[in-house]
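> Sequence:
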Amino acid sequence: MLPVVALVGRPNVGKSTLFNRLTKTRDALVADYAGLTRDRQYGFGKVGPRPYLVVDTGGLAGAQDGVESLMQSQAMAAIDEADVVVFLVDARQGVLTGDHEIAAMLRKQTDQLVLAVNKAEGLESESAAADFYALGLGDPAIISAAHGDRVSALMEHVLDLCPAEDDSPEQPTQGITVSVIGRPNVGKSTLINRLLGEDRLVAFDRPGTTRDSVSVPFESGGKHYTLVDTAGVRRRGRVREAIEKFSIIKTLQSLESSNVAIVVLDAREGVTDQDVSLLSLVIERGKALVLTVNKWDGLDADRRRALHDGLERKLGFTEFAPRHFISALHGSGVGKLMREVDRVHAAACRDLPTAALTESLEAATTAHPPPLTRGRRPRLRYAHQGGRNPPVIVIHGNQAERLAAAYRRYLINHFRKRFDLKGTPVRLQLKSGKNPFEGRRNKLTPRQEAKRKRLMKHVKK
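Numbering-wise, numbering that gives the first Met the number 0 puts 38 at position 39 of the sequence shown, and it's gapless, one number per residue.
Warning: the hint list may mix true and false statements.
Stated by the list, open to error - Using 30 Å as the maximum straight-line C-alpha spacing, the simulated DSS-like pairs for lysine-lysine come out as follows:
id, residue 1, residue 2
1, Lys-450, Lys-421
2, Lys-450, Lys-416
3, Lys-45, Lys-421
4, Lys-452, Lys-416
5, Lys-335, Lys-421
6, Lys-452, Lys-313
7, Lys-335, Lys-416
8, Lys-222, Lys-335
9, Lys-23, Lys-45
10, Lys-430, Lys-45
11, Lys-430, Lys-222
12, Lys-222, Lys-421
13, Lys-430, Lys-452
14, Lys-23, Lys-335
15, Lys-313, Lys-335
16, Lys-45, Lys-313
17, Lys-421, Lys-313
18, Lys-421, Lys-452
19, Lys-416, Lys-430
20, Lys-430, Lys-450
21, Lys-430, Lys-23
What the hints assert, rightly or not - Quick list of the computed label-pair ranges, beta carbon to beta carbon:
id, residue 1, residue 2, range
22, Leu-160, Leu-122, 22 to 32 Å
23, Pro-370, Gly-297, 24 to 34 Å
24, Arg-453, Arg-376, 48 to 58 Å
25, Arg-453, Gly-297, 48 to 58 Å
Don't read these hints as lab results, they were simulated from the structure. Just so it is clear, CB atoms sit at the ideal spot from N, CA and C, and this is done for glycine as well.
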């Protein structure tokens, strides 16, 4: 499971700015206004030596009622859930009474605590840190979240305090891990029960029944799987209970540790903005994907056509993923799901030989040459595999990094069709420079070289 790092402190000390810096996004609202963050933000950390989840919380102000008290209860829940807590203070304001109160509370709540003195740009480290030793939390880290100063060093220290990835006891092989995710009450638990053939999970017609991620190993067709039922992820504005908030963290952790994601949509509600966000997240994390539309039974022809139109209009970016229309309650269409899981997992882990990739690249560029960029046409020389799950294809050439976005999509679709990569995102890495395989082309076997020449001759015709 990914470690969880929580950011806490008084209002307006820069927690949201640090969150944006760590996630390399602008997801958290940032302004010079105390108390702007009233809800929690969570994202995947991208600064530091290893992956993690980072949580931005509302400011701790000690209020006993109203909105501020809800903010404080949410921050306390974040502290309980986190592996490490980063306590932010403001170097410009110095130590305030509220900082002493928060420090005293944090000492009781957690052993894994790091003090970070923010907004220290332009200040000497020793002078910025001097006042904050009075909090009794050891040596403070001096940073500037806005400018990125020493943020990487901070996260190296923070992640050293998190459990190591190999600290957990070894588990027996559990086959393909499949996360079943979606909005609340779309039928995730019912679907897993149907796949298992028994009522192993609580299924109830009320959103939020599943509060945590539940892993269920099972066997089908002689193959081993682990199905993970996750809490429903609803729009941030509708997430109110603290326990439900951190169900979302469990969902994100489960997604990150899975091989395949089955995303469940509700046919009767159509495609919502939250469905689009969830699917975008799955693709961003590089997970093989099976798109499942539940509660399909009972819809009339007009509503089915409208749903198909919504899928095409809003989910065009998922066209690479197989789609299944099912009824988890009655079992129709469910029998094919695990075969599809096998297919997309195999595609995500497929070996792509360098000779075949280069041959396919030549065929693609011959059929449709790259468009001119700044008056010159990029020349793509060869390709090789740079990773699996998801497949990464590295293309070398002259001005390769200047390829237009539309041409990159064309290449991805070409490779997807050529190597049967349905159901998995495909990443392109473009590199310019000298071909290290220059002069070594004859390493292809005579049979491979003859096949390549026949293909190129056919393409030119």
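> If a hint holds in the structure, say so; if it doesn't, say that too.
Evaluation of the provided hints:
1. Lys-450 x Lys-421: 25 Å, holds
2. Lys-450 x Lys-416: 19 Å, holds
3. Lys-45 x Lys-421: 28 Å, holds
4. Lys-452 x Lys-416: 21 Å, holds
5. Lys-335 x Lys-421: Satisfied, since the Cα-Cα distance of roughly 16 Å is no more than 30 Å.
6. Lys-452 x Lys-313: 42 Å, violated
7. Lys-335 x Lys-416: 22 Å, holds
8. Lys-222 x Lys-335: 14 Å, holds
9. Lys-23 x Lys-45: 7 Å, holds
10. Lys-430 x Lys-45: Holds - the C-alpha atoms of Lys-45 and Lys-430 are around 22 Å apart, at most 30 Å.
11. Lys-430 x Lys-222: Between Lys-430 and Lys-222 the Cα gap is close to 39 Å, so the pair fails against 30 Å, i.e. violated.
12. Lys-222 x Lys-421: At roughly 21 Å apart (the allowed maximum being 30 Å), Lys-421 and Lys-222 satisfy the hint.
13. Lys-430 x Lys-452: 26 Å, holds
14. Lys-23 x Lys-335: This hinted pair is violated, its Cα atoms lying about 39 Å apart.
15. Lys-313 x Lys-335: 25 Å, holds
16. Lys-45 x Lys-313: 28 Å, holds
17. Lys-421 x Lys-313: Holds, at roughly 19 Å.
18. Lys-421 x Lys-452: The hint holds at about 28 Å.
19. Lys-416 x Lys-430: OK: Lys-416 and Lys-430 at ~23 Å, within 30 Å.
20. Lys-430 x Lys-450: 27 Å, holds
21. Lys-430 x Lys-23: Distance ~23 Å between Lys-430 and Lys-23 Cα, so the pair holds.
22. Leu-160 x Leu-122: 22 to 32 Å: Once the Cβ atoms are compared, 26 Å apart, the range 22 to 32 Å for Leu-122 and Leu-160 holds.
23. Pro-370 x Gly-297: 24 to 34 Å: Hint violated: Cβ distance 48 Å, outside 24 to 34 Å.
24. Arg-453 x Arg-376: 48 to 58 Å: 26 Å, violated
25. Arg-453 x Gly-297: 48 to 58 Å: 54 Å, holds
Of the numbered hints stated above, those contradicted by the structure are hints 6, 11, 14, 23, 24, listed in ascending order.
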